[in-house]
Structures are given as structure tokens and as C-alpha cells.
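Chains A and B are the protein sequences, given in the same order. Under the numbering used here, the residue at position 314 of the first sequence is numbered 314, and the numbers go up by one with no gaps. Under the numbering used here, the residue at position 66 of the second sequence is numbered 66, and the numbers go up by one with no gaps.
Hint data in this document are derived by calculation from the structure and do not stem from the laboratory. Don't take each hint at face value.
[Unchecked claim] DSS-like cross-link-like pairs, simulated, lysine-lysine; straight-line CA separation at most 30 Å:
#1 A:272 x B:271
#2 B:271 x A:33
#3 B:44 x A:206
#4 A:250 x A:32
#5 B:44 x A:272
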Amino acid sequence: MENLLEIRDLKITTLRGKNTVKLLDKVDLDIKKKCSFGIVGESGCGKSITANAILGLLPYPLQVSEGSIRYDSKDGEKELLKLSKKEMRSARGREISMIFQEPMTSLDPIFNVEMQMDEALTFHHPQMSKSEKRERSLEMLRRVNIPRPEQTLASYPHQLSGGQLQRIMIAIALINDPRLLLADEPTTALDVTIQAQILKLMNDLKEQNDTSIIMITHDLGVIAETCEEVAVFYAGQIVEQANVIELFGKTAHPYTLGLLRAVTSLGGESRKLYTIPGIVPPGGQWSQGCRFADRCEKCMEKCRQAMPALTEAAPGHYCRCFLHSEEVEA
Amino acid sequence: MSEKKNDILLDVRHLQVYFPIKRGLMKRVVGHVHAVEDVSFTVKRREVFALVGESGCGKSTTGSAILRLIEPTAGQVYFEGENLSTLSEEQMRLKRRDMQFIFQNPYASLNPRMNVWKLLSEPLKVHFDLPPQELRSRVEEMLHLIGMTPDQLERYPHQFSGGQKQRISIARALITHPSFVVADEPVSALDVSIQAQILNLMMELQQEMELSLVFISHDLNVVRHISNSVGVMYLGSLMETGDTEEVYRHPAHPYTQALLSAVPSHDPTNKSKHIVLEGDVPNPASPPSGCPFHTRCRYCTKVCEEKKPELQEIAPHHFAACHHVGEM
Ligand SMILES: Nc1ncnc2c1ncn2[C@@H]1O[C@H](COP(=O)(O)OP(=O)(O)OP(=O)(O)O)[C@@H](O)[C@H]1O
Ligand SMILES: Nc1ncnc2c1ncn2[C@@H]1O[C@H](COP(=O)(O)OP(=O)(O)OP(=O)(O)O)[C@@H](O)[C@H]1O
Ligand code: SF4
Ligand SMILES: [Mg+2]
Ligand SMILES: [Mg+2]
Numbered sequence: 001m002e003n004l005l006e007i008r009d010l011k012i013t014t015l016r017g018k019n020t021v022k023l024l025d026k027v028d029l030d031i032k033k034k035c036s037f038g039i040v041g042e043s044g045c046g047k048s049i050t051a052n053a054i055l056g057l058l059p060y061p062l063q064v065s066e067g068s069i070r071y072d073s074k075d076g077e078k079e080l081l082k083l084s085k086k087e088m089r090s091a092r093g094r095e096i097s098m099i100f101q102e103p104m105t106s107l108d109p110i111f112n113v114e115m116q117m118d119e120a121l122t123f124h125h126p127q128m129s130k131s132e133k134r135e136r137s138l139e140m141l142r143r144v145n146i147p148r149p150e151q152t153l154a155s156y157p158h159q160l161s162g163g164q165l166q167r168i169m170i171a172i173a174l175i176n177d178p179r180l181l182l183a184d185e186p187t188t189a190l191d192v193t194i195q196a197q198i199l200k201l202m203n204d205l206k207e208q209n210d211t212s213i214i215m216i217t218h219d220l221g222v223i224a225e226t227c228e229e230v231a232v233f234y235a236g237q238i239v240e241q242a243n244v245i246e247l248f249g250k251t252a253h254p255y256t257l258g259l260l261r262a263v264t265s266l267g268g269e270s271r272k273l274y275t276i277p278g279i280v281p282p283g284g285q286w287s288q289g290c291r292f293a294d295r296c297e298k299c300m301e302k303c304r305q306a307m308p309a310l311t312e313a314a315p316g317h318y319c320r321c322f323l324h325s326e327e328v329e330a
Numbered sequence: 001m002s003e004k005k006n007d008i009l010l011d012v013r014h015l016q017v018y019f020p021i022k023r024g025l026m027k028r029v030v031g032h033v034h035a036v037e038d039v040s041f042t043v044k045r046r047e048v049f050a051l052v053g054e055s056g057c058g059k060s061t062t063g064s065a066i067l068r069l070i071e072p073t074a075g076q077v078y079f080e081g082e083n084l085s086t087l088s089e090e091q092m093r094l095k096r097r098d099m100q101f102i103f104q105n106p107y108a109s110l111n112p113r114m115n116v117w118k119l120l121s122e123p124l125k126v127h128f129d130l131p132p133q134e135l136r137s138r139v140e141e142m143l144h145l146i147g148m149t150p151d152q153l154e155r156y157p158h159q160f161s162g163g164q165k166q167r168i169s170i171a172r173a174l175i176t177h178p179s180f181v182v183a184d185e186p187v188s189a190l191d192v193s194i195q196a197q198i199l200n201l202m203m204e205l206q207q208e209m210e211l212s213l214v215f216i217s218h219d220l221n222v223v224r225h226i227s228n229s230v231g232v233m234y235l236g237s238l239m240e241t242g243d244t245e246e247v248y249r250h251p252a253h254p255y256t257q258a259l260l261s262a263v264p265s266h267d268p269t270n271k272s273k274h275i276v277l278e279g280d281v282p283n284p285a286s287p288p289s290g291c292p293f294h295t296r297c298r299y300c301t302k303v304c305e306e307k308k309p310e311l312q313e314i315a316p317h318h319f320a321a322c323h324h325v326g327e328m
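Input sequences plus hints: build the corresponding full structure.
This is the structure in C-alpha cells:
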């Protein structure tokens with residue numbers, strides 16, 4: 001495989017009463033090797049469920065109803081959606097790891113840091129000796145810049161700050177050398193100066209290892225600072241995708257433009273801030289036309305009748321909008 | 001001189017709030033969290049004063065102590081020249097008609113068993129004795145200001161989105177026409193475009209009702225946009241204060257410099273040059289000696305470890321508490 005991860009036609013649905021409701025609609029993503037890929041969009045657009053689907057972690061009644069997720073694993077190409085529970089568990093951590101927004105809730109409060117790192121290692125390397133595991137844990141803590149690693153190994157989660165916990169989560173996520181790290185809002189709960197520490201750390205780790213990162217965030221600043229390639233999600237679809245410089249410099253989709261205007265008007269001249277009117281329509285309330293139509297300043301007649309396809313507006317730059325292509329979604 | 005004095009609505013002097021740490025069966029006090037160490041600032045009429053700083057630095061505690069929702073350990077708060085700490089609880093309760101609080105979390109601050117009508121009419125009933133028609137028209141007027149309609153009066157909080165709930169809690173705080181409001185992170189829980197709607201609303205109402213505002217936030221972009229002056233807090237102390245544009249353009253304190261440089265830029269071709277601070281904020285239960293920032297400061301010298309720097313005026317209306325200010 002050329003890419004590390006290839007998602008095709010991914011659809012996620014849920015059950016509401018007796019009805020099946022679509023939450024994610026025909027998403028295609030290619031994650032290159034050694035790439036940092038950003039997923040951005042407002043709350044409820046489907047960012048987290050996409051990441052959870054990759055790791056087979058969708059909670060009932062959510063399920064993947066269609067599509068494929070192919071992954072170039074250490075021992076050959078695999079279809080992640082066809083893995084057994086056991087195979088998936090052994091892929092987690094060793095092939096693909098995830099870090100979440102709330103480090104406090106992802107660590108177990110009754111075990112100290114050493115026990116939690118130990119457990120992550122033992123799962124994939126049952127033959128490793130106690131002292132090897134300790135050595136490896138200390139090495140990881142040093143790599144994520146934890147001061148006094150010996151002391152930290154003996155600490156319990158409540159004795160550590162949010163920034164320290166998030167660094168430990170990253171250390172655990174990387175302890176078995178995965179090739180893909182899914183980071184779901186890893187700095188949203190942190191202060192800006194701690195965020196700067198963590199983002200720098202993630203950038204450094206990417207440089208040093210062969211790891212690709214999928215960075216999920218609603219913060220365009222975080223995207224601008226850390227990602228090479230970006231997909232903008234809206235109401236369960238990709239509406240724009242491009243290289244980061246192209247996306248910010250030659251923004252094509254009215255939704256992406258709106259998001260950018262909303263954040264940049266904070267530093268702008270006008271006292272009145274730009275806002276995108278209305279809210280993201282939730283799954284089950286999607287119209288047959290363009291899902292952004294109700295909030296779009298440029299909305300035309302045909303936007304309400306048919307859904308635009310995601311087409312290439314410039315080399316490597318994809319956009320789903322009739323302003324850029326007449327093509328209708330099949 | 002006297003004219004200038006009158007212009008000042010709120011005057012906070014050496015505010016201090018310590019929380020006791022209790023241990024054991026006897027609840028013995030074994031120490032104190034120095035939540036607010038020494039905070040002084042003034043807010044003029046119709047001014048928006050922002051308090052910024054990272055989690056746990058004492059912003060909310062300062063805001064609550066100003067309104068005496070928490071009793072200060074030391075220091076005074078003057079409101080329209082009157083020392084609030086001399087007021088009885090009953091007098092203070094009446095004062096809250098003019099001094100209101102907007103909370104960060106609209107989910108927790110709105111009583112789920114009250115519909116919009118109850119939520120908005122209750123503060124009026126507590127503070128005024130209005131005939132029913134007048135009550136009704138005041139509520140409808142406020143509803144109009146926040147962009148909602150009378151047919152929504154019968155609805156309960158869970159029937160609204162996060163942005164709408166925050167509008168309702170703003171309306172609830174402003175319905176008594178206070179002259180002063182503390183808004184504690186009023187937009188932090190919201191998406192960007194909803195956040196912008198609420199900020200626009202707050203700025204409009206602030207102008208229209210001639211409000212003075214203490215706006216608490218950790219979002220430096222939001223603070224720059226909404227405030228006239230700003231106070232930067234670290235570990236319970238004010239490190240720097242001044243006109244917002246001046247502080248953002250010429251940050252004088254090493255902490256302010258690091259804080260402002262940490263904000264991600266929205267331009268991938270021009271990534272901001274972060275000053276990445278090492279380590280974490282010290283524990284406010286055992287704050288460091290000398291300058292509160294010295295454990296993480298790149299300019300720290302011996303004097304910084306020993307002596308706490310006072311706020312000093314470095315340019316007109318621009319104060320910073322650092323021994324080496326101007327030497328950097
Ligand atoms: N366990 C669940 N049960 C039912 N619906 C769900 C569940 N989890 C997510 N959803 C729905 O799926 C949609 C996508 O949710 P998702 O969590 O992926 O959003 P997101 O883009 O990550 O948003 P946020 O920025 O708020 O994290 C939303 O409409 C959400 O309400
Ligand atoms: N009731 C309390 N009892 C004991 N300690 C408290 C209490 N309230 C706050 N603190 C502590 O006082 C310090 C200041 O807290 P405060 O809530 O004022 O910070 P903040 O700047 O508002 O932070 P955030 O941005 O997280 O809201 C913190 O260390 C906090 O843990
Ligand atoms: S007083 Fe010293 S330690 Fe404190 S900020 Fe200034 S230089 Fe840094
Ligand atoms: Mg999410
Ligand atoms: Mg607070």
C-alpha cells in the first residue's frame with residue numbers, strides 16, 4: 001500500500017427508536033505515511049465517530065453500515081473493519097493508538113503511572129521482564145519531557161497536573177511504537193502555554209519516529225500549527241480538503257471561509273464579530289441538497305435541490321460546492 | 001481630580017482570598033490555598049476590564065470575592081465609593097440588583113425546573129415590586145434584546161441549545177438593569193460561531209445599557225476583542241495590567257510575553273514563535289518565595305527568588321510586577 005490508511009465510502013449510522021439515522025456519509029480519507037492530517041469542524045460534525053470507527057470503538061447503537069478502512073500494518077495490509085475483536089485489540093496500541101481530550105478520564109485513578117504503563121507493555125510484550133518494562137517506561141517519560149520520571153512513575157493521576165497527564169497519555173499511546181496516532185482534541189482542555197508544550201512535543205515525536213498523526217480539533221489555529229493536510233467536516237461529510245497552506249490561502253468552500261472569518265474577525269478591525277448564522281443540522285435532519293445551504297451566504301437555487309459532489313477544484317484541493325463545480329453527488 | 005474619581009465605578013484594593021485546607025477527623029486546618037494573593041485594579045464606568053490567566057490562577061475567585069459570593073480574607077472592594085465589606089448580608093443582597101454575575105456553564109446555572117418566564121421574572125420580583133403588566137413587559141423587552149420571542153417563555157432550559165441557554169442566563173443577569181456585571185467565561189463552552197453571536201450580544205448590551213464589565217476568560221483572542229483594559233493573573237497575583245491594546249502590543253512581563261506567544265496563529269505560512277514555558281504552575285497551597293513566576297522565568301535572578309516585585313508603572317496606565325522589566 002502506498003498510504004498508511006485508506007478509508008473508502010465510510011458510513012456510520014445509529015438507531016433512533018425504530019429508525020436508522022445517518023451520522024457519517026460516504027467519507028473517503030487517505031493518510032500518507034509520516035503525515036500529520038487534520039480534521040476540523042464544529043461540534044457534532046462527525047470528527048470523533050470517524051476516529052472511533054478506525055479503532056473499532058463505536059458505542060452501540062452506532063455502527064459502520066458501509067465502507068472500508070484499509071491499513072498498512074507491520075505485517076501486511078489489513079481491512080480494519082473485518083478484524084475480529086481479538087485482532088483489533090492487538091492492533092490497538094501496537095499499530096494505532098488514540099489520545100483523548102480529557103486525560104483525567106482516560107487514566108485509571110486507582111493505579112499509579114508505572115502500573116498503567118506496565119499494563120500497556122505487557123499486553124503486547126508478555127515476555128518482557130519487569131526491569132525491561134521499567135526501563136522502557138522511564139525512556140518514554142523522558143521522551144515526553146516529564147521531569148523526575150522515577151518519581152512520576154510512582155504517582156497517581158490525581159497527583160499530576162492536566163499537562164503532565166496528557167504527556168503521560170502520549171507516552172502510553174506511543175510506548176508500543178504505533179505507526180498511527182489518533183489525537184482527538186488533545187489540547188482542548190489545556191491552557192495555552194501547556195497546549196504549546198504538547199503541540200511542540202507532538203511535532204517533535206512525529207519528526208523522530210515514523211508516526212502519522214490524525215489531529216482532530218475545532219481549533220483552526222491548532223491545525224495551522226501542526227498539520228500538513230486538512231479535511232473540513234460538515235454535517236457528516238467532507239466539504240473541503242487540501243494541503244494546509246492551500247486550505248488557508250486559497251479557501252474554496254463557503255463553510256471553511258465562514259469558520260476562518262469567525263476566528264480572524266476576533267483580531268480584526270470591526271467590533272462586530274462575523275458569525276455563521278444558524279447551527280449544524282444534526283443527523284436525521286439533513287436536506288437532500290447541500291447541507292450547508294441554510295447557513296450559506298452564497299446559496300443558489302440548485303443548492304437546495306441537489307447535493308454537490310466533492311470534486312478537485314485545483315490539484316490536490318477538493319471542494320463540495322456548486323460555486324466550484326456543477327457535478328452532483330451520485 | 002474629583003471628576004476622575006467619580007469615573008471609577010469599582011475599586012479593588014489588595015484583595016486576598018485564602019481557602020483553608022482541612023485534614024483528619026477534627027478537620028484541623030493544615031494549610032491554605034492562596035487562591036488570590038494580592039489583587040488591585042479599578043474599573044471605570046462603561047468599561048470592560050478583562051481578567052486573563054491560566055486555569056487555577058484565581059480569576060473566578062477574584063470575581064466571586066468582588067460580589068462577596070465568597071468572603072475575602074483581606075482587602076477591600078469599593079463600589080461607587082462604598083466599601084462593600086462593611087455591608088450587612090441583607091444590604092449586600094440588595095446591592096446585587098446593581099451587581100450581577102454570569103456563569104461559565106449555562107447548564108449548571110439555570111434551574112432546570114424553571115421555565116424561561118420564571119427564570120427571567122424571578123430576579124425582578126426579588127428586587128422590585130412591579131405590577132403584573134409591567135413585569136410582563138420588562139421580561140418581553142429583555143427577551144427581545146437577546147433575540148428570542150415570547151412564545152419561548154413556556155419552555156424549559158433542556159429545550160434550548162447551549163448558545164440559547166447562555167443567552168437566557170445573560171438575560172437573567174441583566175434584567176434588573178445592573179450597572180456592573182462579572183461575566184465568568186461566558187463563551188468558553190461554545191463553538192466559534194455561537195461564541196461570536198454571544199460576544200456580539202454582550203457588546204451590544206454593554207453599550208446600550210452602559211454596563212461596566214469584569215470579563216473573565218482564558219481566551220486571549222476574545223479578551224483582546226472585547227476589553228478596554230486587561231489584568232493578567234498568575235498564581236493569585238496580578239502580573240501586568242493596562243490598556244488592552246498597549247499590553248498586547250508591548251507586553252512587559254515575561255509571563256505575559258510567554259502567554260501571548262503561545263496563542264496559535266491562524267496562518268500556516270507564518271507560525272507563531274512560541275516561548276515554550278518549562279514545567280507547570282506551582283501549587284497555590286505552597287506558592288514559591290519572591291516572584292510567583294520565578295520558577296519558570298527565563299530572566300530569573302537571585303532577587304526574583306527572594307523579593308516579591310510590586311506592580312510599577314512602566315508607561316502611562318501600564319503596570320507590571322517584575323524586577324527586570326525593561327531589561328529584556
Ligand atoms: N453514542 C452516541 N449515540 C448517539 N449519537 C451519537 C453518539 N455519539 C455521537 N453521536 C452523534 O453523532 C454525531 C457526530 O458526533 P461526533 O462525536 O463525531 O462529533 P464531533 O465532530 O466529534 O463533535 P465535538 O466537536 O463536539 O466533539 C453527532 O450528531 C452526535 O450527536
Ligand atoms: N472553594 C474552594 N476551596 C478550596 N480551594 C479552592 C476553592 N475554589 C477555588 N480553589 C482553588 O483556588 C485556586 C484558584 O481557583 P479559581 O477557580 O479562582 O481559578 P480560575 O483562574 O478561575 O481557574 P479556571 O480558569 O480553571 O476557572 C485554585 O487552585 C483552586 O483549586
Ligand atoms: S521578576 Fe524575575 S522571575 Fe519574575 S518575571 Fe520578572 S524576571 Fe521573571
Ligand atoms: Mg468530538
Ligand atoms: Mg474559573
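How the hints compare with the structure:
Among the hinted pairs, residue 272 of chain A with residue 271 of chain B is consistent with the structure: their alpha-carbon atoms are about 26 Å apart, no more than 30 Å. Under the criterion of a C-alpha separation no larger than 30 Å, the hint pairing residue 271 of chain B with residue 33 of chain A is consistent with the structure, at around 23 Å. This hinted pair does not check out: residue 44 of chain B and residue 206 of chain A have alpha carbons roughly 49 Å apart, beyond 30 Å. Between residue 250 of chain A and residue 32 of chain A, the direct Cα distance comes to roughly 22 Å. Compliance with the 30 Å bound is thereby established for this hinted pair.
Between the alpha carbons of residue 44 of chain B and residue 272 of chain A the distance comes to roughly 22 Å, so the proposed pair stays at or under 30 Å and holds.
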